[in-house]
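Q: Letter by letter, the chains look like this.
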Amino acid sequence: MELILNQVTKQYPGTVAVDRISADLRPGVIGLLGSNGAGKTTLMRMICGIIKPTSGTIRFRYDNDTLNVSEEMYRDALGYLPQDFGYYPDFTGRKFLMYMAALKGIDKRTAKRKCEELLKTVSLEKAANKKIKSYSGGMKQRLGIAQAVLNDPKILILDEPTAGLDPQERVRFRNLIAELGKDAIVIFSTHIVSDVEHVADRIIMMKDGVVIFDGKGTDIREDLESFYLRSFEGKENE
Amino acid sequence: MGLKSILTGAVLVALLLMAAGTENTDMVWVIASFAPACVLTPMVLLSRSERFGMEELEAASRFSLRFIRIVRMFILGIFSLLLLLSVGIVLRITAAASVMEHMMLVVFPYLVSAYGAMLVTRKWHGKENIFGVLAVCIFGGLLPYAERSIRLSGRPTNAVILLLTAMILGAMFRECRLYVKESENLSWNLS
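In order, the protein sequence lines correspond to chains B and D.
In terms of my numbering, the first sequence opens at residue 1 and continues consecutively.
In terms of my numbering, the second sequence opens at residue 1 and continues consecutively.
Everything labelled a hint here was simulated from the structure, so no lab data went into it.
It is possible that part of the hints are untrue.
If you only want the chain D side, here are some residues facing chain B, beta carbon under 8 Å, derived [stated by the list, open to error]:
id : residue
1  : 56
2  : 57
3  : 61
Using N, Cα and C, we set each Cβ at its ideal position, and we do this for glycine too.
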């Protein structure tokens, strides 16, 4: 299983959000680090097929034979948690998950079972029948994580997933994605270094739309946080 | 569909049934003016994802945004068809209105409102577009009265009514196509 990004570029009038990014991504946890405006979200949206790359290709090899999978097969393999996601105010947590399961094409019986499992995993079983508008930020984020993994995705894209989580939830979440990363390509973006250094098998660092580091945490000879801050020094001082 | 929508629908049906029992010809204008307001419900449901920020999540689901939009439009189209049919039956009972009268008083204003509402939704992104849709519906509600004045100075021929309805229906289909096409611009490129 492989996700191949080849010279992926996204250009907006007057700015290049993502500039010719190439990478072969395999199962494991890939931490996408970068400051705000580095192009992480744009890259993730392109991987999810929400926005079209200006140039370059993104291809998914599910097994050795299939390089160009169908759109439906690709989407079927995808789980996504956007940075900011909305919800229908009249939905309860359970109804939201059932709705997302329907959109993901999961049959009702499986969806019900999966929803109950995931509500338990993200500790929302007691609040499952409460309306989402009454949820705290952390609860909404956990619900978002649950919907992302409903279909047992092969490619899991998480944009700033730990935002709004308390330290305890953060640790639980790290364990969850480490587990998911055994069988799936998990890409999660953050600007919190400690989130990445604990779970990521591979770190991709972005700055101004380009990759400035791609490798393992151990490849960096200094402390990851110092390396990260040094890489973004110019930006931070602006 | 939420409880509010069901209640609104129930109130509307009750009003129609009451109108059917009154045998008051003035009710024709009231019913005709209310029909365009019913465009609000389909439009609210159609632009629901955008209004509540669910578009990004839905766009990344198994079914493409294009597919979701087509299915929604199909369901809402059936809703509209049933509504127009019910109003037509009520008009027939209440005022022995002919098919052409029904078309002129109800179908045409409804389609004008639906077209305007689609245009507003496609061009004006954001939660506030509902106010634009509301303005279009109010305009649609006034159309039967304008038609009444026209009728006083001379009844339009069936050909004119049919031509106007066909034109607005064509514009409506074009708008639906553009709305779906807009989602294609966001869609996945597996080239």
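Q: Can you name, in rising order, the numbers of the hints this structure does not satisfy?
A: Result: no hint breaks.
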